[in-house]
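Asker: Using the sequences and the hints given, assemble the complete structure.
Chain by chain, the residues run as shown.
Protein chains: 2
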Amino acid sequence: MLKLKPVTGMRDIMPEEMVVRDWCVSKIKETYSKYGFTPIDTPSVESYENLHSKEGGDNEKLIFGILKRGEKLKLEEAKCEADVSDSGLRYDLTVPLVRYYSCHKEELPSPFKALQIGNVWRADRPQKGRFRQFTQCDIDILGDPTDLAETELILATSEALCNLGFKGFAVRINDRRLLRATALWAGFSEEDLEQVFIILDKMDKAGEDSIPDMIEGAGYDRAAAEKWMSLYGEAKVSEDPVGLINEKIGEYREGCGIDELKEIMGCVNAVKDDRYDLVFDLSLVRGMSYYTGTVFEISMPEYGGSCGGGGRYDEMVNRFSGQSVPACGFSIGFERIIMLLMDRGFKIPDEKKKEAWLIEKGTSPEKLSEIMKEAAKLRTEGRTVLTTAMKKNRKFQKEQLANSGYEEIRELFRDK
Amino acid sequence: MLKLKPVTGMRDIMPEEMVVRDWCVSKIKETYSKYGFTPIDTPSVESYENLHSKEGGDNEKLIFGILKRGEKLKLEEAKCEADVSDSGLRYDLTVPLVRYYSCHKEELPSPFKALQIGNVWRADRPQKGRFRQFTQCDIDILGDPTDLAETELILATSEALCNLGFKGFAVRINDRRLLRATALWAGFSEEDLEQVFIILDKMDKAGEDSIPDMIEGAGYDRAAAEKWMSLYGEAKVSEDPVGLINEKIGEYREGCGIDELKEIMGCVNAVKDDRYDLVFDLSLVRGMSYYTGTVFEISMPEYGGSCGGGGRYDEMVNRFSGQSVPACGFSIGFERIIMLLMDRGFKIPDEKKKEAWLIEKGTSPEKLSEIMKEAAKLRTEGRTVLTTAMKKNRKFQKEQLANSGYEEIRELFRDK
Numbered sequence: 372m373l374k375l376k377p378v379t380g381m382r383d384i385m386p387e388e389m390v391v392r393d394w395c396v397s398k399i400k401e402t403y404s405k406y407g408f409t410p411i412d413t414p415s416v417e418s419y420e421n422l423h424s425k426e427g428g429d430n431e432k433l434i435f436g437i438l439k440r441g442e443k444l445k446l447e448e449a450k451c452e453a454d455v456s457d458s459g460l461r462y463d464l465t466v467p468l469v470r471y472y473s474c475h476k477e478e479l480p481s482p483f484k485a486l487q488i489g490n491v492w493r494a495d496r497p498q499k500g501r502f503r504q505f506t507q508c509d510i511d512i513l514g515d516p517t518d519l520a521e522t523e524l525i526l527a528t529s530e531a532l533c534n535l536g537f538k539g540f541a542v543r544i545n546d547r548r549l550l551r552a553t554a555l556w557a558g559f560s561e562e563d564l565e566q567v568f569i570i571l572d573k574m575d576k577a578g579e580d581s582i583p584d585m586i587e588g589a590g591y592d593r594a595a596a597e598k599w600m601s602l603y604g605e606a607k608v609s610e611d612p613v614g615l616i617n618e619k620i621g622e623y624r625e626g627c628g629i630d631e632l633k634e635i636m637g638c639v640n641a642v643k644d645d646r647y648d649l650v651f652d653l654s655l656v657r658g659m660s661y662y663t664g665t666v667f668e669i670s671m672p673e674y675g676g677s678c679g680g681g682g683r684y685d686e687m688v689n690r691f692s693g694q695s696v697p698a699c700g701f702s703i704g705f706e707r708i709i710m711l712l713m714d715r716g717f718k719i720p721d722e723k724k725k726e727a728w729l730i731e732k733g734t735s736p737e738k739l740s741e742i743m744k745e746a747a748k749l750r751t752e753g754r755t756v757l758t759t760a761m762k763k764n765r766k767f768q769k770e771q772l773a774n775s776g777y778e779e780i781r782e783l784f785r786d787k
Numbered sequence: 372m373l374k375l376k377p378v379t380g381m382r383d384i385m386p387e388e389m390v391v392r393d394w395c396v397s398k399i400k401e402t403y404s405k406y407g408f409t410p411i412d413t414p415s416v417e418s419y420e421n422l423h424s425k426e427g428g429d430n431e432k433l434i435f436g437i438l439k440r441g442e443k444l445k446l447e448e449a450k451c452e453a454d455v456s457d458s459g460l461r462y463d464l465t466v467p468l469v470r471y472y473s474c475h476k477e478e479l480p481s482p483f484k485a486l487q488i489g490n491v492w493r494a495d496r497p498q499k500g501r502f503r504q505f506t507q508c509d510i511d512i513l514g515d516p517t518d519l520a521e522t523e524l525i526l527a528t529s530e531a532l533c534n535l536g537f538k539g540f541a542v543r544i545n546d547r548r549l550l551r552a553t554a555l556w557a558g559f560s561e562e563d564l565e566q567v568f569i570i571l572d573k574m575d576k577a578g579e580d581s582i583p584d585m586i587e588g589a590g591y592d593r594a595a596a597e598k599w600m601s602l603y604g605e606a607k608v609s610e611d612p613v614g615l616i617n618e619k620i621g622e623y624r625e626g627c628g629i630d631e632l633k634e635i636m637g638c639v640n641a642v643k644d645d646r647y648d649l650v651f652d653l654s655l656v657r658g659m660s661y662y663t664g665t666v667f668e669i670s671m672p673e674y675g676g677s678c679g680g681g682g683r684y685d686e687m688v689n690r691f692s693g694q695s696v697p698a699c700g701f702s703i704g705f706e707r708i709i710m711l712l713m714d715r716g717f718k719i720p721d722e723k724k725k726e727a728w729l730i731e732k733g734t735s736p737e738k739l740s741e742i743m744k745e746a747a748k749l750r751t752e753g754r755t756v757l758t759t760a761m762k763k764n765r766k767f768q769k770e771q772l773a774n775s776g777y778e779e780i781r782e783l784f785r786d787k
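Top to bottom, those sequences are chains A and B.
Add 371 to a position in the first sequence, counting from 1, and you land on the number used in the working numbering.
Add 371 to a position in the second sequence, counting from 1, and you land on the number used in the working numbering.
You can't tell identical chains apart in this list, so a pair holds if it fits in one copy or across any two.
DSS-like mimics (lysine-lysine), calculated; alpha carbons at most 27 Å apart, straight line: (1) Lys725 with Lys766; (2) Lys445 with Lys432; (3) Lys732 with Lys476; (4) Lys725 with Lys643; (5) Lys643 with Lys732; (6) Lys476 with Lys725; (7) Lys748 with Lys724; (8) Lys769 with Lys738; (9) Lys607 with Lys643; (10) Lys425 with Lys374; (11) Lys738 with Lys633; (12) Lys499 with Lys443; (13) Lys376 with Lys443; (14) Lys769 with Lys400; (15) Lys724 with Lys400; (16) Lys432 with Lys450; (17) Lys476 with Lys769; (18) Lys376 with Lys445; (19) Lys398 with Lys724; (20) Lys398 with Lys718; (21) Lys643 with Lys748; (22) Lys744 with Lys643; (23) Lys723 with Lys400; (24) Lys738 with Lys725; (25) Lys374 with Lys445.
Note that these hints are calculated values from the structure, not bench results.
Answerer: In structure tokens, the structure reads:
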């Protein structure tokens with residue numbers, strides 16, 4: 372007998388959600404295509420080496436390994452996972468993109484503007500709203516060292532969210548180099564930075580006031596934490612936070628991206644309308660260690676967490692292929708977007724009226740042909756016509772169809 | 372260092388192909404949705420038990436197993452694959468669909484008309500045009516025992532192919548029960564049928580004349596083979612092949628689907644136009660053992676092999692869940708369709724003109740904002756405007772962009 376439920380942590384998509392997902396994918400593709408992003412696809416499976424390259428951070432602990440096959444699988448000699456597995460399911464779209472770009476660089480335009488929408492897999496502990504298979508939706512620009520890349524990514528991603536019906540959201544922006552500079556200025560020592568940033572990253576949930584305690588509790592410099600928090604507080608209420616920090620941190624400002632930040636924010640603010648805000652946020656860290664410059668994140672008022680994020684990762688292509696290629700990407704939190712839309716009972720705009728025809732069993736071949744001809748004609752005209760066998764329990768069948776969005780239902784009996 | 376190539380047997384999709392794939396998916400979805408097929412999705416991963424349920428035939432030998440994780444993985448005690456793997460990648464969309472339907476039956480309309488487009492994985496020996504990850508595109512009707520299901524599947528699938536620009540193809544149809552009946556009538560014994568059908572299935576490639584030799588060589592009845600081939604030959608040139616077989620096979624005709632075949636063909640022929648043909652073909656077998664009635668297959672004149680197929684599989688839901696539900700499906704050979712389109716240099720119809728703006732490094736923030744505003748305005752009007760950093764080798768960059776379909780290229784210098 373069949374196991375009826377999906378495997379642990381993964382889920383079936385029901386028709387009403389799938390229609391919304393398809394609509395979102397098509398809106399997103401339409402938007403990004405106008406910006407010149409070209410769709411690509413990479414295999415769901417990547418080599419063991421690439422997946423364990425250290426670029427994935429904690430995600431590398433969550434890889435679904437794929438079993439070696441045939442003669443390669445020597446169970447009796449196997450000591451560890453790597454003995455029985457030489458590939459696995461991708462946990463993100465960034466590592467495959469960097470492999471793709473490195474492999475096909477000669478055939479691709481430069482800068483290369485890529486759009487990838489695809490599934491990724493992580494063996495996370497199953498919990499509400501978090502699944503082991505989920506869709507990611509990334510745009511990336513490879514080969515552009517200028518802040519035009521950031522500007523484009525922010526404009527395009529925000530536009531895509533607006534086209535999905537979202538507004539009033541904030542794109543938060545920071546620069547890892549500026550974050551570093553302010554932390555050093557505040558008195559943290561170089562070697563503590565990584566751990567300090569992990570704590571700062573929790574500010575959203577833990578609250579600003581608890582940061583100095585948390586930093587001290589973890590064994591780092593409380594005075595530095597308080598100095599940094601006071602700068603953060605001042606910047607937060609300033610009309611020109613980047614300018615304020617620029618003045619405060621003195622010689623630490625060198626090469627920390629202040630000019631770029633100003634340019635990006637200036638340009639985005641000049642182009643964007645009031646459906647969303649671009650906000651500088653010195654406390655924005657973004658988890659992944661591969662970021663080298665700007666980082667961004669989308670905050671939706673109706674949803675506490677992040678609905679997307681990204682940043683610049685100029686060193687990853689080099690670490691992978693030995694060729695230095697600047698890179699920058701922005702990812703929409705596709706599953707969260709879908710969850711928000713489903714929660715608010717989203718209906719696809721301008722959806723056409725659908726009709727269902729119930730055909731009684733025993734209808735003569737001649738009459739059936741007439742019915743099907745008429746249906747075909749209406750479909751050619753763009754209408755949706757479901758022709759289906761009439762069930763014994765017509766009342767229930769009609770209710771089900773009404774629930775599936777069929778506004779008009781015709782009953783076609785065999786003898787009429 | 373990164374492994375630059377995709378894992379063995381899988382492939383990266385380049386932008387020019389991806390655009391065609393996206394266009395096809397959207398055309399197919401649009402067509403099927405007019406027929407009332409609803410999109411669904413199932414996880415790429417299925418349980419070991421479901422994948423090894425015997426419904427997959429030879430595909431079960433090609434499963435990519437997924438390694439158990441954490442404490443569940445006991446390598447030192449492992450004797451066989453099942454000890455180290457409790458799930459794997461799906462090798463088709465039919466087994467997951469039957470699981471899905473069995474799991475969610477109460478929430479789904481009946482009959483349920485499902486559309487699934489998704490990747491499947493098979494560890495086939497890599498060869499030209501055959502990959503270990505590929506996209507399948509299936510429609511299925513569950514819960515309709517009448518031949519309205521077949522009629523709908525054939526009309527919808529053919530329409531989808533026509534909407535992709537194909538014409539002059541043939542939908543071949545047969546009924547497994549009729550094939551059985553004619554084989555028994557010809558003198559084959561019940562227990563030889565499965566093997567005999569495997570040989571008949573090779574007629575396309577081996578040629579009709581070699582069938583009796585092949586059957587005799589495999590140890591089966593040559594006289595029966597000759598008798599069957601003579602019936603096949605007569606039917607092939609008859610104007611009413613089904614009627615002819617009906618007359619010939621006498622009492623063997625009972626319950627072998629002749630009336631249904633006539634009805635399906637009558638109705639499809641009445642509705643369809645001349646862009647494709649529906650052809651009865653007594654030699655059509657279709658590989659999978661789960662088919663219980665009608666089988667169909669698409670032949671394209673420009674491509675020797677099959678470009679799609681399907682049939683009725685009324686017993687599979689029952690074998691899986693103990694509930695008897697009639698089922699019937701039709702699958703488009705998505706990868707072959709794409710290959711045919713790419714080979715003929717297919718261009719997406721009515722594609723809008725695309726323009727690219729090259730922006731010189733050092734352009735002032737004010738000017739950059741003006742440029743981006745203008746681009747945003749044009750995009751709102753529906754135009755595709757790629758804004759990108761100007762490279763040092765402008766000539767090469769412009770060539771690359773022209774190759775990517777950018778007809779108009781503007782060069783925006785910083786001092787103009």
